[in-house]
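Just so you know, the protein sequences line up as chains A and B, in that order.
This note's numbering numbers the first residue of the first sequence as 64 and each following residue consecutively.
This note's numbering numbers the first residue of the second sequence as 64 and each following residue consecutively.
These are computed hints drawn from the structure, not numbers from a lab.
Take the hints with a grain of salt, since some may be wrong.
You can't tell identical chains apart in this list, so a pair holds if it fits in one copy or across any two.
Below, in silico cross-link-like pairs of lysine to aspartate or glutamate (EDC-like), each with a Cα-Cα straight-line distance of 20 Å or less [what the hints assert, rightly or not]:
1. Lys-122 - Glu-110
2. Lys-128 - Glu-118
3. Lys-89 - Glu-118
4. Lys-122 - Asp-81
5. Lys-125 - Glu-104
6. Lys-89 - Glu-110
7. Lys-103 - Glu-75
8. Lys-127 - Glu-83
9. Lys-89 - Glu-75
Since we're looking at a predicted model, the values are computed, not measured.
Number of protein chains: 2
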Amino acid sequence: MSRPGGNPALTEHQFTTDREEPCTAKLQVRVPPSMLDELKEYQNWQEIVRQVLAEELVKLRKQKKTG
Amino acid sequence: MSRPGGNPALTEHQFTTDREEPCTAKLQVRVPPSMLDELKEYQNWQEIVRQVLAEELVKLRKQKKTG
């Protein structure tokens, strides 16, 4: 919904995503500062985190089935 | 430092860690809700996250050197 005086066609211009599922949940984990610093050197570090977690979950799922 | 009236020997009893480096930095990343839900099914999910990130950083470091 656009605010009064705002862009009447906001929905045409606002942020959208091509992802299958939008990244709306917030993952918060405490980590060693050196790890966080090193990770943030990479421009796409958020995407790196999502990628490795997705891969890890696939592994864990398999372990569950076989274990 | 102990507060007035508090445990005068607080440092002997307060939380400490055996880690090489304490987990004092906070990693915050937006992820798909389904990923977060699945991850949190594991009791030690924070440790899982730290572990896969540590492994990924090792890989990325090697790529930097060779690439």
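### Query
Is the C-alpha distance from Lys-122 to Glu-110 at most 20 Å within one copy, between copies, in both cases, or in neither?
This pair counts as both: shortest intra-copy Cα distance 19 Å, inter-copy 15 Å.
### Query
How would you classify Lys-89 and Glu-110 at a CA-CA limit of 20 Å: within, between, both, or neither?
both (13 Å within a copy, 17 Å between copies)
### Query
Checking Lys-103 and Glu-75: alpha-carbon separation at most 20 Å within a copy, between copies, both or neither?
neither (33 Å within a copy, 35 Å between copies)
### Query
Is it within, between, both, or neither for Lys-128 and Glu-118, if the alpha carbons may be no more than 20 Å apart?
within (16 Å within a copy, 24 Å between copies)
### Query
Should Lys-89 paired with Glu-75 be assigned to within, between, both, or neither, using CA atoms and 20 Å as the limit?
neither (26 Å within a copy, 35 Å between copies)
### Within, between, both or neither, where Lys-125 and Glu-104 count as close if Cα-Cα is 20 Å or less
between (32 Å within a copy, 15 Å between copies)
### Message
My question is about Lys-89 and Glu-118: at a cut-off of 20 Å on alpha-carbon distance, are they close within one copy, between copies, both, or neither?
### Response
within (18 Å within a copy, 22 Å between copies)
### Task
Up to 20 Å between alpha-carbons, please classify Lys-122 paired with Asp-81: within, between, both or neither.
Answer is neither: 25 Å inside a copy and 28 Å across each miss the 20 Å cutoff.
### Query
What label fits Lys-127 with Glu-83 when the C-alpha limit is 20 Å: within, between, both, or neither?
neither (25 Å within a copy, 31 Å between copies)
The structure is inconsistent with the numbered hints 4, 7, 8, 9, although it conforms to all the rest.
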